[in-house]
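Peer 1: Chain by chain, the residues run as shown.
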Amino acid sequence: MIGKSKMIAAIAFLLGLHFVMLFAGFFAPCDPSTQNRDFPYAPPTRLHFLDARRHLHFRPFVYQWAASTDDSHQYEESRQREYPVRLFVRGDEYKVAGILPSHIHLFGVEPPASIFLAGTDSYGRDQFSRILYGGQISLAAGVLATAISLCLGSILGCLSGFYGKWIDASAMRLAELFFVLPWLYLLLAVRSFLPLHISATEAFFLLVAVIGTVGWARPARLIRGIVLSAKTRKYVIASRGFGASDYYILRRHIFPHLYGILLTQAAILVPQYVVAEVALSFLGLGVGEPTPSWGNLLANLQQYNVLVSYWWMFAPAVVLVVASLGYLNVANAFQDRLQSGSI
Amino acid sequence: MIHALLLLIGASVLCFLFSDLAPGSFFDEMKLNPQISSSTVAALRAEYGIDQPLPLRYARWIRSVVKGEWGYSFAYNAPVRNLLLLRARNTLLLTVLATALAWSLALPLGIWIASHPSRCADRLTMGGTSLLLSVPELVLVLGLLYLAIVTHALPVGGMVSVRFDQLGPWAQVRDFAMHLIVPVFTLVLASLSVLVRHVRASMVEVLRASFIRAARGHGIGRTRLLLRYALPAAANPLISLFGLSVAGLLSGSLMVEIVTGWPGLGPLLLEASLSRDVHVVVGVVLASTVFMISGSLLADVMLFVADPRVRVE
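First to last, the protein sequences are chains A and B.
To convert, take the position in the first sequence, counting from 1, and add 1032; that gives the working numbering.
To convert, take the position in the second sequence, counting from 1, and add 328; that gives the working numbering.
Same shape as in the complex, but just chain A:
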C-alpha cells in the first residue's frame, strides 16, 4: 500500500510538471523558434558562482559562448564579461495560455549573452525552451487522446455491459479484434492511410484522433466488467422498480462506480499515448518542424553525427522518462487504492 502522503507528492509532482509545460512561455527563456545562427549545437551554458578572481557570487552568472578558433563546432567561454542570471526579465513576447500577451520570463541574461540550459540544436535554437513548448504538444496529445479513448471506452463499455445481448457480443468481438492487432503497427498503418503533408495543427489533431481511437478496447472491456457487476446491485433493481429510465440509472447509479477505474486508466494511458506521439513524430508522421514536440526533438538523433557528438540532444528523452515516471507513480498509487476500494 502506498501511503497517502506519497500519493499526494506524486500527484503534486505531476501537476507541477504540467503547470510548467502549460506556462512554457514564462518558464522558457526564449521563443522556441528563435534561431541563433552563430551558435549551432552549442553545449549547455554553464552556471558559475566563482569568477576569474575567485570571488564568490551568490547570484549565478554565465559567460557567452564563443566559437573556438581552430574548429567551428567547438565552443569556448569568453571570460571577458560576466552576465548575471536575473529573475523576471523582459524578453521575447509570448502569450500566457495562448491569450494574454506578456514579455516577462522567469529567468534570463542580458543580451548579447544567452542562456541555453540544455544546449542548442542545428539552427541554434534553445533546446530548453523547445523542450518546454514541445511538452505542451506531447502532453496535450497524450491527455486528449486518453480522453477520446476513455470516452469511447465508457460509451461502448456501458452500452455492452448494460444492455448485453447482441450489442455486448458485437462490441466485445470488435474489442477482441483491436486486442489482437499489435497497436503500434495498427497506429502506423492507420496513420499511413491518412494524408501525409499537412500543417502542424492538423497533424496534431489527426494524431490525437488516431491514437485515441485505436486504444479504446482495453478501457471498454474493464468498464464493461464493472457495469456488469454494478447492474445487479439491489438499489439499481429498486430504482428500476420505481420506473427510472435507463439513462437515469446509468448516470446516477452506475457511472459513479467508474470513477476509480477511469482515473487509474487515465494515469496508465497518458504516458503510453505520449510515447506513441513521440514515436510517430520521431518517424516524421506526426507533428512536424518548426513546431517542437518531444518526438521531433528526438528525431535529431537520427543523424549519426548528432547522436555521437552532441550528448545534450538526449535532453528531451530525459524529460520524457521523468514524465512517464511521474505518471507511473500516480498510476501505482491509484491502483493500490482501487484494489483496497478507497477511490
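To be clear, the hints were calculated from the coordinates, so they are not data collected in a lab.
Cβ atoms here follow ideal geometry from the backbone N, Cα and C, with glycine treated the same way.
There could be a bad hint or two in this list.
Which chain A residues stay away from chain B? Per the calculated CB distances, all over 12 Å, these [what the hints assert, rightly or not]:
{"#": "1", "residue": "R1069"}
{"#": "2", "residue": "P1075"}
{"#": "3", "residue": "R1085"}
{"#": "4", "residue": "Y1107"}
{"#": "5", "residue": "E1142"}
{"#": "6", "residue": "L1184"}
{"#": "7", "residue": "L1209"}
{"#": "8", "residue": "T1264"}
{"#": "9", "residue": "L1315"}
Derived, one-sided and incomplete: chain A residues facing chain B with beta-carbon distance under 7 Å [unchecked claim]:
{"#": "10", "residue": "L1213"}
{"#": "11", "residue": "L1216"}
{"#": "12", "residue": "A1221"}
{"#": "13", "residue": "S1356"}
Once you have looked at the hints, place chain B on chain A.
Peer 2: Just chain B now, kept in the frame of chain A:
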C-alpha cells in the same frame, strides 16, 4: 483455430476500411510528373485495380491471398509474399530471441527476489523496475546505440556488416551475433521489468500458502521447494503473461528495428506507409497479427500442459 481465422479476416477488413479513408494512392506522385500522361496513370490504376470500389478491391485481394501471393506491392512490383516472408523471419528471430532471453533472466531474478524478502531488496526492485518501465523502447535503443558507437564495441545498423560475404563461416556467425546484441538487448531491457514484477508477485503469493509451510516442515530443501513446489503453483498467471509479453515485444520491436536498421517488418511498414503501398501495409499488419495470435495460442497450449484443471475441462 476457426476463431483465429475469423479474427484475421476481421483484421484485414478493418485494414481495407481504413485504407478507403485515404485520399491519396501510390500513383499520385506520378500525376505530378509532366512526362507521364494522365492516361498512363489511369491505365496503371486500372491495371492494379485501384479505381474499383472497396468490395471489389477486397475480393481481388482475397483471391490473390488464396493464390498465395498476398497481394501485389506497387513499390517493389512483386507479390507481397516473398517480401513479407523474409522480413517476418527477421522480426521473428528478434522477437523469439528477446522473449527467450527476457524470460530466462526474469524467472530466476523474480524467484530470487521473492525468496529473499527484505525491505531493502523490495524497494530496490520496485525502484529499478519503475525506472526501466518508464523508459520507452525508443529512448532505450537510442541510448544503447550511443553506447555502442562511442565504445566501438559493437557494430551498428542492419543485420550484417558490408563485407559479410568475404568473411569465413565462423566470422559470419560472430558478425551476425554482434549485430543482434543492441536490438535484442533493448527489447529484453524493455520487457524485463514487467516480467520480474509479475514473477515476484505471483511467487510471493504462493510462498505464503500453507502447503509451502507444510513442505518446509517436512524438511524439503530450499531449491526443490522453490522450483518443484512453488513455481508450478505460481505458473498460471505467468503463462498468461507470456502471451501478452509477445504482444509487447512485437510492438516494441517496431521502433527498435527502425532505429537500428534491422530489416524486419517495422522498416517495411514505415516504407510502405510513406509510399501508400496498401497491400504491403495490410500484409505487415496481418503478419504481426498472426504473431500475436500464435503467441496467445502458444500460451493456451502451455496452460493446457501445465494446469491439470484446464485439461479436465
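Peer 1: Now, for every hint given, state plainly whether the structure supports it.
Peer 2: A quick look at each hint next to the structure:
At roughly 27 Å, the least C-beta separation between R1069 (chain A) and chain B is larger than 12 Å, which holds for a residue marked as non-interface. In this structure P1075 (chain A) is separated from chain B by more than 12 Å, as the shortest Cβ-Cβ distance comes to about 16 Å. The claim that R1085 (chain A) is not at the interface with chain B holds, since no C-beta of that chain comes within 12 Å of its own (minimum 38 Å). The beta carbon of Y1107 (chain A) sits about 20 Å from the closest Cβ of chain B, which is more than 12 Å, so the claim that it is off the interface holds.
Its beta-carbon lying about 36 Å from the closest one in chain B, E1142 (chain A) satisfies the requirement of being farther than 12 Å from that chain. Every CB of chain B is more than 12 Å from the CB of L1184 (chain A) (nearest about 15 Å), matching its label as outside the interface. The beta carbon of L1209 (chain A) is not kept farther than 12 Å from every beta carbon of chain B, the shortest such distance being approximately 5 Å. At roughly 26 Å, the least C-beta separation between T1264 (chain A) and chain B is larger than 12 Å, which holds for a residue marked as non-interface.
Listed as a non-interface residue, L1315 (chain A) fails to keep its Cβ farther than 12 Å from every Cβ of chain B; the least gap is roughly 6 Å. For L1213 (chain A), the interface hint holds, the least distance from its beta-carbon to any beta-carbon of chain B being 6 Å, beneath 7 Å. For the restraint placing L1216 (chain A) at the interface with chain B, the shortest Cβ-Cβ distance is roughly 4 Å, inside the 7 Å limit, so the hint holds. With a cut of 7 Å, the hint placing A1221 (chain A) at the interface with chain B holds, because the nearest CB-to-CB distance is about 5 Å.
Given the 7 Å rule on beta carbons, the hint for S1356 (chain A) holds: about 4 Å separates it from the nearest Cβ of chain B.
Checked against the numbered hints given earlier, this structure breaks hints 7, 9; the rest are met.
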